[in-house]
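Visitor: Those protein sequences? They're chains A and B, same order as listed. Residue numbers for the first sequence follow the working numbering, so the first one is 24 and each next one is one higher. Residue numbers for the second sequence follow the working numbering, so the first one is 54 and each next one is one higher.
Treat the hints with caution; some may be incorrect.
[Claimed, not checked] Think about it this way: if two alpha-carbon atoms lie no more than 25 angstroms apart in a straight line, the pair counts; the simulated DSS-like pairs of lysine-lysine are:
id	chain 1	residue 1	chain 2	residue 2
1	A	127	A	57
2	A	161	A	244
3	A	188	B	166
4	A	259	A	128
5	A	151	A	208
6	A	128	A	67
7	A	127	A	199
8	A	57	B	166
9	B	75	A	199
10	B	72	A	67
11	A	151	A	244
12	A	67	A	259
13	A	128	A	61
14	B	75	A	128
15	A	161	B	166
16	A	148	A	210
17	A	244	A	259
18	A	28	B	192
19	A	161	A	61
20	B	166	A	61
21	A	259	A	127
22	A	148	A	223
23	A	208	A	223
24	A	161	A	28
25	B	192	B	72
26	A	128	A	161
27	A	127	B	166
28	B	235	A	199
29	A	211	A	199
30	B	192	B	75
[As the list claims (entries may be wrong)] Per the computed footprint, the stretches of chain A lying under chain B, defined by three or more beta-carbons under 8 angstroms from a beta-carbon of chain B, are:
id	region
31	31-42
32	198-210
[Said to hold, decoys possible] What follows is a set of in silico ranges between Cβ atoms, one per label pair, in the way DEER data are often shown:
id	chain 1	residue 1	chain 2	residue 2	range
33	A	57	B	185	31 to 37 angstroms
34	A	228	B	162	30 to 36 angstroms
35	B	171	A	35	58 to 64 angstroms
36	A	30	B	270	47 to 53 angstroms
37	A	147	B	233	44 to 50 angstroms
Since the hints were made in silico from the structure, they are not lab data. The beta-carbon is built from N, C-alpha and C at its ideal position, and this holds for glycine as well.
The primary structure of each chain is shown beneath.
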Amino acid sequence: MAFNKNSNGYTFFFAIVMVVLVGAILASLSLSLKPMQKANQAEKKMMNILGAIGVPSERGAVEPVFAEYVTERISIDSEGRQVNSMGGSVDPTNAEDPFNIDVKKDYRSKTPASELDFPLFACQKDGKDLFVVPVVGKGLWGPIWGFVALESDMETIYGAVFDHKTETPGLGAEIKEGFFQAPFKGKKISKVAPHFAVLKGGAPTTEYSVDGITGGTITSKGVGEMVDRTMGIYLKYFQSAPKAQK
Amino acid sequence: MSTETTTAVEKKESLFSKKNRKLLTDPLDDSNPITVQVLGICSALAITVQVQQAVIMSLAVLFVMIGGNVIVSLMRNIIPDRIRIIVQLVVIASLVIIVDEVLKAYSPDISEKLSVFVGLIITNCIIMGRLEAFALGNKPGPSMLDAVGNAMGYAWILLAVALVREVFGSGAISFPGVGQVKFLPEGWFYANGGFYENNNLMILPPMALITVGVIIWIQRARNRSLIEEN
Numbered sequence: 024m025a026f027n028k029n030s031n032g033y034t035f036f037f038a039i040v041m042v043v044l045v046g047a048i049l050a051s052l053s054l055s056l057k058p059m060q061k062a063n064q065a066e067k068k069m070m071n072i073l074g075a076i077g078v079p080s081e082r083g084a085v086e087p088v089f090a091e092y093v094t095e096r097i098s099i100d101s102e103g104r105q106v107n108s109m110g111g112s113v114d115p116t117n118a119e120d121p122f123n124i125d126v127k128k129d130y131r132s133k134t135p136a137s138e139l140d141f142p143l144f145a146c147q148k149d150g151k152d153l154f155v156v157p158v159v160g161k162g163l164w165g166p167i168w169g170f171v172a173l174e175s176d177m178e179t180i181y182g183a184v185f186d187h188k189t190e191t192p193g194l195g196a197e198i199k200e201g202f203f204q205a206p207f208k209g210k211k212i213s214k215v216a217p218h219f220a221v222l223k224g225g226a227p228t229t230e231y232s233v234d235g236i237t238g239g240t241i242t243s244k245g246v247g248e249m250v251d252r253t254m255g256i257y258l259k260y261f262q263s264a265p266k267a268q269k
Numbered sequence: 054m055s056t057e058t059t060t061a062v063e064k065k066e067s068l069f070s071k072k073n074r075k076l077l078t079d080p081l082d083d084s085n086p087i088t089v090q091v092l093g094i095c096s097a098l099a100i101t102v103q104v105q106q107a108v109i110m111s112l113a114v115l116f117v118m119i120g121g122n123v124i125v126s127l128m129r130n131i132i133p134d135r136i137r138i139i140v141q142l143v144v145i146a147s148l149v150i151i152v153d154e155v156l157k158a159y160s161p162d163i164s165e166k167l168s169v170f171v172g173l174i175i176t177n178c179i180i181m182g183r184l185e186a187f188a189l190g191n192k193p194g195p196s197m198l199d200a201v202g203n204a205m206g207y208a209w210i211l212l213a214v215a216l217v218r219e220v221f222g223s224g225a226i227s228f229p230g231v232g233q234v235k236f237l238p239e240g241w242f243y244a245n246g247g248f249y250e251n252n253n254l255m256i257l258p259p260m261a262l263i264t265v266g267v268i269i270w271i272q273r274a275r276n277r278s279l280i281e282e283n
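Pulled out of the complex, with its shape left as it was, chain A reads as follows (with noise of 0.2 angstroms):
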């Protein structure tokens, strides 16, 4: 061997040009893969949306029946004062679209809340009004999300769906299974807080709570937590929006 390939000039070489290089690699192919990957996160929320107001759809296939179910897509500020509204086709390059509001983002940001904009999606299924709002909240390990769908008196829960990104198999992560998301259904969301809550497992629920995971608890707080504090913006604008009289 013509270099002594246990020598510390040669150790600092070695660890830098690996550095550099699979950095670059790792870089150049996750920006080359990012707008395939962002298409698939908008179908995906597309799904969620039509998932809460209880409508299958099919990856590949998302779009049109998002078009034909979703006919408004709102953005309020946190006194409930409607900020931008939109319809027709999701455009993913818009920042004015409230399709693209990254709830998620924002939560994690440190905006206080009278800076953000948040989303609500008017849907139109079986002749009913329903609105699907996107909650965010924090589970045991990392994030979890959601987007509960409430009925045209803007105060029963029609259907939720919840999803997570590192919860506990088998505990927390049940928070995505029907078990858990088909009691929502029907429950309501109170006019003062706490709004809604999700208990301890196995506790008798009232008309605003539904039972929580046994051994899930914190990812189970969570959700009622996020429902909760999301709702109390919500409420504000439902309480004046103009279709709530119906």
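Keeping the supplied structure of chain A fixed, place chain B upon it in accordance with the hints.
Guide: Showing chain B alone in chain A's frame:
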């Protein structure tokens, strides 16, 4: 495992010589990474609730293991000894990130199912064990065989445990792309007036350990050479 190391003037031997074939078959039984070397137990416990998950995890490990073994083997003469573990880690982590990114772009559904396991692959001790013990001292060809062998040895244990747990725990078997297939008549279940009830204990992690234990027991009963002297 072969104790021979590559010498400079080795005769060119065929990729599937007897010695190299042993690299493929040994890890299935005599030097199985899970049951004999007791590596990778953590992932064997975590993701054997469903057959489908076990299949996905096995394929992911197979890919990363082959990639890692071949790359490290190609670089074996230029990796400085003092930072070899870091280099191995970087190779594995990069491969896993590449798999994850590509899946996110081209197959988001699988990526979602895999999400939790991606971290598990990086920390899977089998992969690093093979890089350190084999790829660093052998040519790419044998290293690839060693990777395939060990990934298969890992996969069959995973599948066996998952099969037992899913059949008795959920009364069903799930196939990738098909979903869960229930094979017991609904009327058999206690809730429907029958006599059968799924064993919920099977779904919990401890049963994975017990199932692995039973596999080790059976394996040692059949293969006496694995039993320690004292």
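Visitor: Next step is simple, just say for each hint if it's right about the structure.
Guide: Taking the hints in turn, this is what the structure says about them:
1. A/127 - A/57: holds (18 angstroms)
2. A/161 - A/244: holds (9 angstroms)
3. A/188 - B/166: holds (11 angstroms)
4. A/259 - A/128: Roughly 23 angstroms between the alpha carbons, so the hint for residue 259 of chain A and residue 128 of chain A holds.
5. A/151 - A/208: holds (15 angstroms)
6. A/128 - A/67: Holds, at roughly 16 angstroms.
7. A/127 - A/199: At roughly 17 angstroms apart (the allowed maximum being 25 angstroms), residue 199 of chain A and residue 127 of chain A satisfy the hint.
8. A/57 - B/166: Holds, at roughly 20 angstroms.
9. B/75 - A/199: Judged against 25 angstroms, a Cα distance of about 45 angstroms means the pair is violated.
10. B/72 - A/67: violated (50 angstroms)
11. A/151 - A/244: Answer violated: residue 151 of chain A to residue 244 of chain A is near 31 angstroms, above 25 angstroms.
12. A/67 - A/259: The hint is violated at about 28 angstroms.
13. A/128 - A/61: Judged against 25 angstroms, a Cα distance of about 14 angstroms means the pair holds.
14. B/75 - A/128: Answer violated: residue 75 of chain B to residue 128 of chain A is near 52 angstroms, above 25 angstroms.
15. A/161 - B/166: The given pair, whose Cα atoms are some 20 angstroms apart, holds under the 25 angstroms limit.
16. A/148 - A/210: This hinted pair holds, its Cα atoms lying about 19 angstroms apart.
17. A/244 - A/259: holds (23 angstroms)
18. A/28 - B/192: Status holds; Cα separation ~18 angstroms.
19. A/161 - A/61: Holds: residue 161 of chain A and residue 61 of chain A sit about 23 angstroms apart, inside 25 angstroms.
20. B/166 - A/61: With a Cα-Cα distance of about 18 angstroms, the restraint between residue 166 of chain B and residue 61 of chain A holds, given a limit of 25 angstroms.
21. A/259 - A/127: holds (21 angstroms)
22. A/148 - A/223: With a Cα-Cα distance of about 33 angstroms, the restraint between residue 148 of chain A and residue 223 of chain A is violated, given a limit of 25 angstroms.
23. A/208 - A/223: holds (19 angstroms)
24. A/161 - A/28: With a Cα-Cα distance of about 48 angstroms, the restraint between residue 161 of chain A and residue 28 of chain A is violated, given a limit of 25 angstroms.
25. B/192 - B/72: holds (13 angstroms)
26. A/128 - A/161: Status holds; Cα separation ~13 angstroms.
27. A/127 - B/166: holds (20 angstroms)
28. B/235 - A/199: holds (21 angstroms)
29. A/211 - A/199: holds (20 angstroms)
30. B/192 - B/75: Satisfied, since the Cα-Cα distance of roughly 15 angstroms is no more than 25 angstroms.
31. 31-42: holds (count 6)
32. 198-210: violated (count 0)
33. A/57 - B/185: 31 to 37 angstroms: Given a distance of about 35 angstroms, which is inside 31 to 37 angstroms, the answer is holds.
34. A/228 - B/162: 30 to 36 angstroms: Cβ of residue 228 of chain A to Cβ of residue 162 of chain B: about 33 angstroms, so the range 30 to 36 angstroms holds.
35. B/171 - A/35: 58 to 64 angstroms: Because 30 angstroms falls outside the window, the suggested range is violated.
36. A/30 - B/270: 47 to 53 angstroms: With Cβ atoms ~51 angstroms apart, the hint holds.
37. A/147 - B/233: 44 to 50 angstroms: Roughly 34 angstroms apart at Cβ, these two residues miss the hinted range, so it is violated.
When each numbered hint is compared with the structure, violations occur for hints 9, 10, 11, 12, 14, 22, 24, 32, 35 and 37.
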